[in-house]
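Number of protein chains: 2
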Amino acid sequence: MAGKNGKMREKSLTMDTLNPQVKAVEYAVRGPIVTKAGDIERGLQQGQKHPFTEVIKANIGDSHAMGQKPITFLRQVVALCSFPELLDSSIFPDDAKQRARRILQGCGGQSLGSYSASQGVDCIRQDIAVYIEQRDKGVPADWDNIYLTTGASDGIVSILKMLVSGQGRSRSGVMIPIPQYPLYSAAISEMEAVQINYYLDEDNCWALDINELHRAYQAAKEHCHPRVICIINPGNPTGQVQSKKCIEEVLHFAYEENLFVMSDEVYQDNVYSPDCQFHSFKKVLYEMGPEYFNTVELASFHSTSKGYSGECGFRGGYMEVLNLDLEVKAQLVKLLSVRLCPPVSGQAAMDVIVNPPLPHEPSYLQFHKEKSAVLGALAEKAQMTEQILNTVPGIKCNPVQGAMYAFPRIFIPPRAVEEAMSLGISPDMMYCLRLLEETGICLVPGSGFGQREGTYHFRMTILPTTEKLKVLLEKLRDFHIKFLKEYASLEEPKR
Amino acid sequence: MAGKNGKMREKSLTMDTLNPQVKAVEYAVRGPIVTKAGDIERGLQQGQKHPFTEVIKANIGDSHAMGQKPITFLRQVVALCSFPELLDSSIFPDDAKQRARRILQGCGGQSLGSYSASQGVDCIRQDIAVYIEQRDKGVPADWDNIYLTTGASDGIVSILKMLVSGQGRSRSGVMIPIPQYPLYSAAISEMEAVQINYYLDEDNCWALDINELHRAYQAAKEHCHPRVICIINPGNPTGQVQSKKCIEEVLHFAYEENLFVMSDEVYQDNVYSPDCQFHSFKKVLYEMGPEYFNTVELASFHSTSKGYSGECGFRGGYMEVLNLDLEVKAQLVKLLSVRLCPPVSGQAAMDVIVNPPLPHEPSYLQFHKEKSAVLGALAEKAQMTEQILNTVPGIKCNPVQGAMYAFPRIFIPPRAVEEAMSLGISPDMMYCLRLLEETGICLVPGSGFGQREGTYHFRMTILPTTEKLKVLLEKLRDFHIKFLKEYASLEEPKR
Ligand SMILES: Cc1ncc(COP(=O)(O)O)c(C=O)c1O
Ligand SMILES: Cc1ncc(COP(=O)(O)O)c(C=O)c1O
Numbered sequence: 001m002a003g004k005n006g007k008m009r010e011k012s013l014t015m016d017t018l019n020p021q022v023k024a025v026e027y028a029v030r031g032p033i034v035t036k037a038g039d040i041e042r043g044l045q046q047g048q049k050h051p052f053t054e055v056i057k058a059n060i061g062d063s064h065a066m067g068q069k070p071i072t073f074l075r076q077v078v079a080l081c082s083f084p085e086l087l088d089s090s091i092f093p094d095d096a097k098q099r100a101r102r103i104l105q106g107c108g109g110q111s112l113g114s115y116s117a118s119q120g121v122d123c124i125r126q127d128i129a130v131y132i133e134q135r136d137k138g139v140p141a142d143w144d145n146i147y148l149t150t151g152a153s154d155g156i157v158s159i160l161k162m163l164v165s166g167q168g169r170s171r172s173g174v175m176i177p178i179p180q181y182p183l184y185s186a187a188i189s190e191m192e193a194v195q196i197n198y199y200l201d202e203d204n205c206w207a208l209d210i211n212e213l214h215r216a217y218q219a220a221k222e223h224c225h226p227r228v229i230c231i232i233n234p235g236n237p238t239g240q241v242q243s244k245k246c247i248e249e250v251l252h253f254a255y256e257e258n259l260f261v262m263s264d265e266v267y268q269d270n271v272y273s274p275d276c277q278f279h280s281f282k283k284v285l286y287e288m289g290p291e292y293f294n295t296v297e298l299a300s301f302h303s304t305s306k307g308y309s310g311e312c313g314f315r316g317g318y319m320e321v322l323n324l325d326l327e328v329k330a331q332l333v334k335l336l337s338v339r340l341c342p343p344v345s346g347q348a349a350m351d352v353i354v355n356p357p358l359p360h361e362p363s364y365l366q367f368h369k370e371k372s373a374v375l376g377a378l379a380e381k382a383q384m385t386e387q388i389l390n391t392v393p394g395i396k397c398n399p400v401q402g403a404m405y406a407f408p409r410i411f412i413p414p415r416a417v418e419e420a421m422s423l424g425i426s427p428d429m430m431y432c433l434r435l436l437e438e439t440g441i442c443l444v445p446g447s448g449f450g451q452r453e454g455t456y457h458f459r460m461t462i463l464p465t466t467e468k469l470k471v472l473l474e475k476l477r478d479f480h481i482k483f484l485k486e487y488a489s490l491e492e493p494k495r
Numbered sequence: 001m002a003g004k005n006g007k008m009r010e011k012s013l014t015m016d017t018l019n020p021q022v023k024a025v026e027y028a029v030r031g032p033i034v035t036k037a038g039d040i041e042r043g044l045q046q047g048q049k050h051p052f053t054e055v056i057k058a059n060i061g062d063s064h065a066m067g068q069k070p071i072t073f074l075r076q077v078v079a080l081c082s083f084p085e086l087l088d089s090s091i092f093p094d095d096a097k098q099r100a101r102r103i104l105q106g107c108g109g110q111s112l113g114s115y116s117a118s119q120g121v122d123c124i125r126q127d128i129a130v131y132i133e134q135r136d137k138g139v140p141a142d143w144d145n146i147y148l149t150t151g152a153s154d155g156i157v158s159i160l161k162m163l164v165s166g167q168g169r170s171r172s173g174v175m176i177p178i179p180q181y182p183l184y185s186a187a188i189s190e191m192e193a194v195q196i197n198y199y200l201d202e203d204n205c206w207a208l209d210i211n212e213l214h215r216a217y218q219a220a221k222e223h224c225h226p227r228v229i230c231i232i233n234p235g236n237p238t239g240q241v242q243s244k245k246c247i248e249e250v251l252h253f254a255y256e257e258n259l260f261v262m263s264d265e266v267y268q269d270n271v272y273s274p275d276c277q278f279h280s281f282k283k284v285l286y287e288m289g290p291e292y293f294n295t296v297e298l299a300s301f302h303s304t305s306k307g308y309s310g311e312c313g314f315r316g317g318y319m320e321v322l323n324l325d326l327e328v329k330a331q332l333v334k335l336l337s338v339r340l341c342p343p344v345s346g347q348a349a350m351d352v353i354v355n356p357p358l359p360h361e362p363s364y365l366q367f368h369k370e371k372s373a374v375l376g377a378l379a380e381k382a383q384m385t386e387q388i389l390n391t392v393p394g395i396k397c398n399p400v401q402g403a404m405y406a407f408p409r410i411f412i413p414p415r416a417v418e419e420a421m422s423l424g425i426s427p428d429m430m431y432c433l434r435l436l437e438e439t440g441i442c443l444v445p446g447s448g449f450g451q452r453e454g455t456y457h458f459r460m461t462i463l464p465t466t467e468k469l470k471v472l473l474e475k476l477r478d479f480h481i482k483f484l485k486e487y488a489s490l491e492e493p494k495r
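Protein sequence lines, in the order shown, are assigned to chains W and S. Residue 1 is where the first sequence starts when you use our numbering, and the numbers rise one by one after that. Residue 1 is where the second sequence starts when you use our numbering, and the numbers rise one by one after that.
Careful, some of the hints might be misleading.
Same chains, same names: a pair is fine if it fits in one copy or spans any two.
[Stated by the list, open to error] Result set (DSBU-like, lysine-lysine): computed pairs, CA atoms no more than 30 Å apart in a straight line: (1) 36 x 49; (2) 11 x 283; (3) 11 x 221; (4) 11 x 244; (5) 334 x 69; (6) 334 x 11; (7) 49 x 475; (8) 244 x 221; (9) 334 x 283; (10) 161 x 334; (11) 371 x 97; (12) 283 x 482; (13) 221 x 23; (14) 244 x 485; (15) 244 x 475; (16) 283 x 329; (17) 36 x 329; (18) 69 x 468; (19) 245 x 221; (20) 36 x 161; (21) 36 x 470; (22) 11 x 329; (23) 11 x 137; (24) 97 x 23.
Read the hints as simulated data drawn from the structure, not as lab findings.
Input sequences plus hints: build the corresponding full structure.
Dropping the structure here:
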């Protein structure tokens, strides 16, 4: 089309003029494999033929999508808050009504439809502080340090944004575990911060290794200014639960090197191994004494999306900050206020999670039953996943101690590696694509999370129902064996 | 505290090491005046004495907080989606149940608790496309171009983020109206883009002036690369509704200068003046012919927060994009996927707004009554605000044609201006602070939105109830007269 001076009107936004930081972002959990799985699903619905009748999505920690039922009490409270006329109805228990009334009291005009303060509804922040004190056996929590967020994602991105500055060698460096949850690498690219990889110790159940932290830090110091260390515990994608000793070492290291600590604890309720226990970074810091507790800057993150409730769609979450400079705190509130507030229904959901029915309340029994059922099933599936995967030649899976994922190492034959290289894709991507095409199973290649060079993995969730998960694992085993055979039996490439 | 080598552990995050772009952000709608209003409110509750008994907040477009009741039908649908057991209850009308069933069908595991696709729930996107086609009298809308967002704020920030690139003279420039809604300036600072101000024509009811656009563009071209023009229609903070002719001129200009167009149409349902009508940028573009409609890149934004529903807390919204390059579209989806998805309950609320009860459905009458009551009251208050303000000497207020705000020009005596300068604050900030302290009325100074140098304004919402608004306007009048007298009667400053 002809514009000014008879020129064609060009697109103003193309791949060439797109923000290069946006281009640099990668986010595998919803990457090409997932798009392809969606296409296949639609194809199946329209009668297309595939060697399977159903796509099984084990690519994302999305409990309800995999059939988990909502916790009744939580949904009752949210429904009551959404339509307060129900407060007069006899179909809801009193404890749900009491929670809803309290939340609505905290909302402008007593409506979920008002913007809350940018930091969140006051009484919900107070409930969260009480929850944290109980969780941490009395370590004090101040609700002034609590910020509601739009899922944990929003909190993580906001804190990172505060910490990024400088140019060249003084550019902020962010230490993240490898393998990591790719929100971290995506946010780091978007902000042009420097990603500093520290590798988790696969041979030691994905433990944090303090020597590796030192190595990564020292190497990074040559070309950037390391300012923050991120830890995911329990781990995504790796499913480990860090020991108290590991956490102490990290905190000591952060203290010594003046690093800000971000502890992603969205899986704090997802611990399955009887030998493991969740230790909050905050509690460990407290126990290290006031010299640590009163100085180390810490932000920890929680979410409605995980745990036993699995309420991802509500986009609820909170963060607690410790030892944040007062002026910086005001800046954080200002930054958050630009987007006005986190969804108030998500805040309400968060409130229920931190303030569930007590033993003397009418909803306690049902709540307790539902919660135990979810966590019990997850524990069972965690074990089953590890067991079955470890029966497959060429697959090695660490115990799934917590979170919702297994991240097994897979052996990919050299011929398959070569083939993938010639296709310009990573070998585990090729593996996952073929798995999807041949079995309908949707996993995420390890390369989307990061892994030591020359090693290959995939991440799978343990969220499908026990039956479906068993089918998945068996199909996966058969596929893997076939895959190994196929590439083993191929002749040497012709020269 | 002593760290490594006996050094004290310093804070890693201070005002000196904070991201300078975060520091640069300003957001007056929740700025110091609002903080102060909160302090006074708490003081009043604790029995502190003030020359008033109540703080009246007219600082933010937050309808429910100001007493507006939710639309029953919308809340019924959200409650049904939140707690689907209610689908069996006889207390809800069938049309609400039908809407809820349809939304749940579109959710993974039929639960509001699943992550939706990053672009939003398919059937909701389809409903939005149908709504847009109806609104625009048949102009085609493709649901592939619809993206659900976390409030309009999220969509606006995401599109801006795509468009920011380059360094120095090739850095992206973003044209925004002055006065503006400060989300724009805040996002521009945060992304280190270049803000290009074009001034709305106060003497002409805050109309867009094409000559001013040319002036601003030509001047900016010298030091940056103007890439995008933002328009807010109906206007915040200025309350005007742009004519079709103005919109045509803007679109022609954008076509000629190869600019991306962002049209913020969150107040599309808020038009009060009988002589005004809402024209969507998309429809006007369509009517300019295929040469325009098939080329100009446009993103338009809508929200659950405004209109007649005023559901701010749900953080619902959508954007429609036109003529976006296909690869860029994939990049946009990738960018959105990092934060997983917009709140699904907000998506549900958006669905009800675009798909309200039809005349033959059981909820129609009540819905229609509620909607008309809200919009009728706003129209009345818009007129009353303009009228009363224009009776005050030294205040001049344009007609409040739409949106929810008046942005009157106020005369501030030179002595008051000097006093403010000596205090290091803007004169309208001093004015609003004194207004708050003396009357309990909370407004936002014009300087928070931008204004021509040497002119002063404030923004007030028309959201308080009619009675309260009348009280507010009368108190404001008395304050203003007193303020003028006080500074007029002061002697010349001593030298
Ligand atoms: C480790 C970790 N952090 C944060 C998130 C973000 O979750 P949300 O934003 O839904 O709270 C996830 C989601 O999977 C996660 O696994
Ligand atoms: C012009 C304009 N755009 C966008 C927004 C953002 O609203 P939300 O994010 O609540 O949809 C507002 C809120 O006041 C506004 O006035």
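Hints and how they fare:
In this homomeric assembly, residue 36 and residue 49 come within 30 Å of each other (Cα to Cα) only inside a single copy, at 15 Å, whereas the closest approach across copies is 66 Å. Proximity of residue 11 and residue 283 under a CA criterion of 30 Å is satisfied inter-copy only: 20 Å between copies versus 54 Å inside one chain copy. Taking the shortest Cα distances, residue 11 and residue 221 sit within 30 Å of each other only across copies (18 Å), while inside one copy they are farther apart (42 Å). Taking CA atoms no more than 30 Å apart as the test, residue 11 paired with residue 244 passes between copies only; the shortest distance there is 24 Å, against 55 Å inside one copy.
With identical chains, the CA atoms of residue 334 and residue 69 are at most 30 Å apart between copies only, with a shortest distance of 29 Å across copies and 37 Å within one. Taking identical chains as interchangeable, the C-alpha atoms of residue 334 and residue 11 lie at most 30 Å apart only when they sit on different chains, with a minimum of 20 Å there against 35 Å within one chain. For the homomeric pair residue 49 and residue 475, the shortest alpha-carbon distance inside one copy (18 Å) is at most 30 Å, but the shortest distance between copies (74 Å) is not. Proximity of residue 244 to residue 221 under the C-alpha cut-off of 30 Å is restricted to the intra-copy arrangement: shortest distance 27 Å within a copy versus 58 Å between copies.
For the identical chains of this complex, residue 334 and residue 283 are intra-copy neighbours only, at 29 Å inside a copy versus 37 Å across copies, given an alpha-carbon limit of 30 Å. Both within a single protomer and between protomers do residue 161 and residue 334 lie at most 30 Å apart by alpha-carbon distance, with minima of 13 Å and 19 Å respectively. In the homo-oligomer, the alpha carbons of residue 371 and residue 97 lie at most 30 Å apart both inside one protomer (20 Å) and across protomers (28 Å), since each shortest distance falls under that limit. Taking identical chains as interchangeable, the C-alpha atoms of residue 283 and residue 482 are never at most 30 Å apart, the minima being 48 Å within one chain and 57 Å between chains.
Taking the closest pair of Cα atoms, residue 221 and residue 23 come within 30 Å of each other both inside a single copy (26 Å) and across two copies (25 Å). In this homomeric assembly, residue 244 and residue 485 never come within 30 Å of each other (Cα to Cα): the closest approach is 43 Å inside a single copy and 69 Å across copies. Taking the closest pair of Cα atoms, residue 244 and residue 475 never come within 30 Å of each other, the shortest separation being 37 Å inside a single copy and 61 Å across copies. Only within a single protomer do residue 283 and residue 329 lie at most 30 Å apart by alpha-carbon distance; the minimum there is 22 Å, versus 45 Å between protomers.
For a Cα distance limit of 30 Å, the shortest separation of residue 36 from residue 329 across copies, 17 Å, qualifies, whereas the shortest one inside one copy, 43 Å, does not. Taking the closest pair of Cα atoms, residue 69 and residue 468 come within 30 Å of each other only inside a single copy of the chain (16 Å); across copies the shortest separation is 46 Å, beyond that limit. When the C-alpha separation of residue 245 and residue 221 is checked against a cutoff of 30 Å, the pair qualifies only within one copy, where the shortest distance is 26 Å, while the shortest distance between copies is 58 Å. Proximity of residue 36 to residue 161 under the C-alpha cut-off of 30 Å is restricted to the inter-copy arrangement: shortest distance 27 Å between copies versus 33 Å within a copy.
Taking the shortest alpha-carbon separations for residue 36 and residue 470, only the intra-copy value of 23 Å comes in at or below 30 Å, while the best inter-copy value is 59 Å. In this homomeric assembly, residue 11 and residue 329 come within 30 Å of each other (Cα to Cα) only across copies, at 13 Å, whereas the closest approach inside a single copy is 41 Å. Within a single copy, residue 11 and residue 137 get their C-alpha atoms only as close as 59 Å, which misses the 30 Å cut-off; across copies the closest is 27 Å, which meets it. For the homomeric pair residue 97 and residue 23, neither the shortest alpha-carbon distance inside one copy (48 Å) nor that between copies (42 Å) is at most 30 Å.
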